[in-house]
Amino acid sequence: MAGENAAPVATELAAGERLSRFLFGDRHYSSTKRLVKPGAFDPSPYRELSVGHTTGLTTAEVWSLGEVVRIHTRLPKLYARADIDAAHVVERKLKAIRDDEGYERHTNILGWPDIEDPDTRKRVWKNLATGLADSAALALPTD
Amino acid sequence: MTTALMTASRRSGLIAWPVSSQGRSPSADTLGRCYRIARQHLLSSLALRSAAEQALAELETVRKETSAAGWDGYGALPIDADAYSQARMFIQALPTTVPAPEISVDPDGEVALDWMFGKSLRFSVSVGKHGRLTFASLLGHRVIDGTEWLDTGIPATILNELTAIATEAKGAGLV
Chain A
1 MAGENAAPVA
11 TELAAGERLS
21 RFLFGDRHYS
31 STKRLVKPGA
41 FDPSPYRELS
51 VGHTTGLTTA
61 EVWSLGEVVR
71 IHTRLPKLYA
81 RADIDAAHVV
91 ERKLKAIRDD
101 EGYERHTNIL
111 GWPDIEDPDT
121 RKRVWKNLAT
131 GLADSAALAL
141 PTD
Chain B
1 MTTALMTASR
11 RSGLIAWPVS
21 SQGRSPSADT
31 LGRCYRIARQ
41 HLLSSLALRS
51 AAEQALAELE
61 TVRKETSAAG
71 WDGYGALPID
81 ADAYSQARMF
91 IQALPTTVPA
101 PEISVDPDGE
111 VALDWMFGKS
121 LRFSVSVGKH
131 GRLTFASLLG
141 HRVIDGTEWL
151 DTGIPATILN
161 ELTAIATEAK
171 GAGLV
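Protein sequences appear in the order of chains A and B. Number 17 in the numbering used here belongs to position 17 of the first sequence; there are no gaps in the numbering. Number 81 in the numbering used here belongs to position 81 of the second sequence; there are no gaps in the numbering.
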């Protein structure tokens, strides 16, 4: 982990590292089907998707990190998280860059194809988001 | 006759949202009236109405939940009012044989309709403000995506793909 006063150094995470997308509403997953929806991994209208690098953390520590993120969002409740191996990011030619910006372990999924035509961009990004969502594992605080 | 009403031969059948008629003749007007009456009868059937109304009610709930920017905690745009209207039309045009979708909003404000039957067995379509339909489907290792438009009803490409996945799910006992 970066020291308290150290400047964040961006690090690219490789396959095998676990990433967690914290979900602050109940619309981007199905608790009964235990599946994550593409919207959870859709970076639009931006070009980066914010996740936490949670490799090596205990379950309780992961939820604690989610609570840190929740405080940043100012939303009242952390509903769930979607865990995904960075391998699924890398295989789609995206990059998981841990930068520790805002909070320790903050990571961005970057490299979303820069496509000028909005119809094509939406289609390509939806394809990527759908694939990532299908590869993710849903975790609920009640698990 | 120039009437362009959606015919019963289409997969979406009479319950589908009617295509705008180009017809101006008395026959076209009569056909239009008949279509609306028949459609109303179908919608009044409790079984048919409940699925559509359930989805529309969920859409309305989603609209309220996502009406302010940042609703997802990551700076999402609020639901787009025109995308909401287009999504209403899409839901009303769904064939009664198709299960009701799960409804959410993409972070860019488009409405997302998802049919998730299991791992790698899912169909997702995003409805945009001009009726753009961006879809992605997973059927095992087969991944298909595409862009269609709602302006003449739900495109056959989307209905066919959705039907294929729903059939697969039914065969696997997931429906």
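Heads up, some of the hints might be wrong.
[Stated by the list, open to error] Calculated pairs, DSS-like style, for lysine-lysine (alpha carbon to alpha carbon, straight line, at most 25 Å): (1) B:Lys170 with A:Lys95; (2) B:Lys119 with A:Lys93; (3) B:Lys170 with B:Lys119; (4) B:Lys119 with A:Lys33.
Hint data in this document are derived by calculation from the structure and do not stem from the laboratory.
Hints and how they fare:
1. For the hint linking Lys170 of chain B to Lys95 of chain A, the alpha-carbon distance of about 37 Å lies beyond 25 Å, and the restraint is violated.
2. About 22 Å separates the Cα atoms of Lys119 of chain B and Lys93 of chain A, which keeps this hinted pair within 25 Å; it holds.
3. Of the pairs offered as hints, the one joining Lys170 of chain B and Lys119 of chain B holds, with about 14 Å between alpha carbons and a cut-off of 25 Å not exceeded.
4. Distance hint between Lys119 of chain B and Lys33 of chain A is fulfilled; the C-alpha atoms sit about 9 Å from each other, no more than 25 Å.
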